[in-house]
Amino acid sequence: MHEFSIVQSLMDAIEAHAAREEAESVSRVVLRVGPLAGVVPHLLKTAFDTFKARSVAEAAELVIETSPLELTCRDCRQISTTDTVRFKCPQCSSLNVEAREGDALVLERLEMEVTDGPT
Amino acid sequence: MCQDCGCSAGSGRKIIEVQKNVLASNTSRARANREILEEHGILGMNLMSSPGSGKTLLLEKTIARLRDRLSVGVIEGDLETDRDAERIRSTGVPVHQIVTGQTCHLDAFMLQGALHHFPLEALDLLFVENVGNLVCPATYELGTHRNVVLLSTTEGDDKPAKYPIAFKHADVMLITKMDQLPHTDFDTDRAMRDARVIRPSLEVIQLSARSGDGLSEWLDYIERAVQQLRG
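In the order they appear, the protein sequences are chains A and B. Residue 1 is where the first sequence starts when you use this note's numbering, and the numbers rise one by one after that. Residue 120 is where the second sequence starts when you use this note's numbering, and the numbers rise one by one after that.
Don't read these hints as lab results, they were simulated from the structure. Certain hints may be false.
The calculated SDA-like cross-link candidates involving lysine to any residue, where the alpha carbons are at most 20 angstroms apart (straight line), are [what the hints assert, rightly or not]:
id: 1; chain 1: B; residue 1: Lys-281; chain 2: A; residue 2: Glu-21
id: 2; chain 1: B; residue 1: Lys-139; chain 2: A; residue 2: Asp-12
id: 3; chain 1: B; residue 1: Lys-139; chain 2: A; residue 2: Glu-21
id: 4; chain 1: B; residue 1: Lys-281; chain 2: B; residue 2: Gly-333
Here are some of the chain A residues that sit facing chain B, going by a computed Cβ distance under 10 angstroms [stated by the list, open to error]:
id: 5; residue: Ser-9
id: 6; residue: Ala-13
id: 7; residue: Arg-28
id: 8; residue: Ile-79
id: 9; residue: Asp-83
id: 10; residue: Gln-91
id: 11; residue: Asn-96
Backbone N, C-alpha and C fix where the C-beta goes; we use that ideal spot for every residue, glycine too.
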């Protein structure tokens, strides 16, 4: 259960971007997470709801997009993707697969409310 | 927001494409840690496993066998107590304890702080005994050169399949407590097969720290890694 530590890092990044843009608030946070990132999405959301209180992201929604694991079968050469941590070729059921990607834990995008300043 | 009455005129929504790893600051700290180790010619090894798989006993035996040839330091990560650190300290090598409290892993910033407690110019090898936990430590790079995962025969051979992320990041898997193998239904072939599905290049060493079987293979692995680092 290290989701709190991860969300702490996420909040640091959000605060830094919001300060740079002089944003009044952050309304949406989009995170891309792969099955090998080692985090549980609903625990991330719970942690985020705890940490965002009294921050610039107090009213923000956390959107978690999943990023697949790519498998290359060494037996039948089939390339497939999966959202689970299952190292098995869906074509020939071989376990002789090479896994790539899947460990993404990326802050993709922030939506924030900004003031354009006095005109 | 409007400066006069607080209405929404003059404000808007802005979308920032960040596309940055959430743990980027840990990753860059880890890189800096590695540079510090390499400036001093120190090989860093990060030991990860479930609680009770034999990390501390293995370290005690490893230090006893290596200390004539290599100068060793140990960082001990534990949720509570410094019992493991005391055990290592009694071998006479420099030890620094990180008590993580509620945190289930070490991170690169904790390692940075711990490095200040070592005579770096005198060390050849730094072991980091991570918090006993097969899940969280794998996500945090420390800046060490080798990730070592211990799997004891008494835990069961299903751990690589159940905890793939720890094995995905491992360079070598040590199957420990081989002296206990006859008392378990642990299948070493199955454990190796499952782990290599996740990490094809994984090296595997079977050993028993208690009996000493297999230890020389592990010591050879360490010495090879030290030589590689020094080019």
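**Item:** Pair hint outcome, Lys-281 of chain B versus Glu-21 of chain A [Cα-Cα no greater than 20 angstroms]
**Value:** Violated, because 43 angstroms separates the two Cα atoms, which is more than 20 angstroms.
**Request:** Given the hint that Lys-281 of chain B pairs with Gly-333 of chain B, test it: the Cα-Cα distance must not exceed 20 angstroms.
**Result:** Violated: Lys-281 of chain B and Gly-333 of chain B sit about 26 angstroms apart, past 20 angstroms.
**Request:** Hold the hint about Asn-96 of chain A up to the distance rule: shortest CB distance to chain B must be less than 10 angstroms.
**Result:** holds, 7 angstroms
**Request:** For the pair supplied as a hint, Lys-139 of chain B and Glu-21 of chain A, confirm whether the alpha-carbon distance does not exceed 20 angstroms.
**Result:** Holds, because 17 angstroms separates the two Cα atoms, which is no more than 20 angstroms.
**Hinted contact Asp-83 of chain A with chain B - closest CB pair below 10 angstroms** = violated, 14 angstroms
**Item:** Given hint Ala-13 of chain A near chain B, where the shortest CB pair must fall under 10 angstroms
**Value:** Holds, about 7 angstroms.
**Message:** Next item in the hint list is Gln-91 of chain A. Is there a CB on chain B closer than 10 angstroms to its CB?
**Reply:** violated, 16 angstroms
**Prompt:** Under the criterion that the straight-line Cα-Cα distance not exceed 20 angstroms, is the pair Lys-139 of chain B, Asp-12 of chain A satisfied?
**Reply:** holds, 13 angstroms
**Prompt:** Is the hint on Arg-28 of chain A kept, meaning its closest Cβ partner in chain B is under 10 angstroms away?
**Reply:** At 8 angstroms from the nearest chain B Cβ, Arg-28 of chain A passes the 10 angstroms test, so the hint holds.
**Prompt:** Is the shortest C-beta separation between Ile-79 of chain A and chain B less than 10 angstroms?
**Reply:** violated, 16 angstroms
**Prompt:** When the nearest CB of chain B is found for Ser-9 of chain A, is that gap smaller than 10 angstroms?
**Reply:** holds, 5 angstroms
The structure fails hints 1, 4, 8, 9, 10 (numbered hints given earlier, in ascending order).
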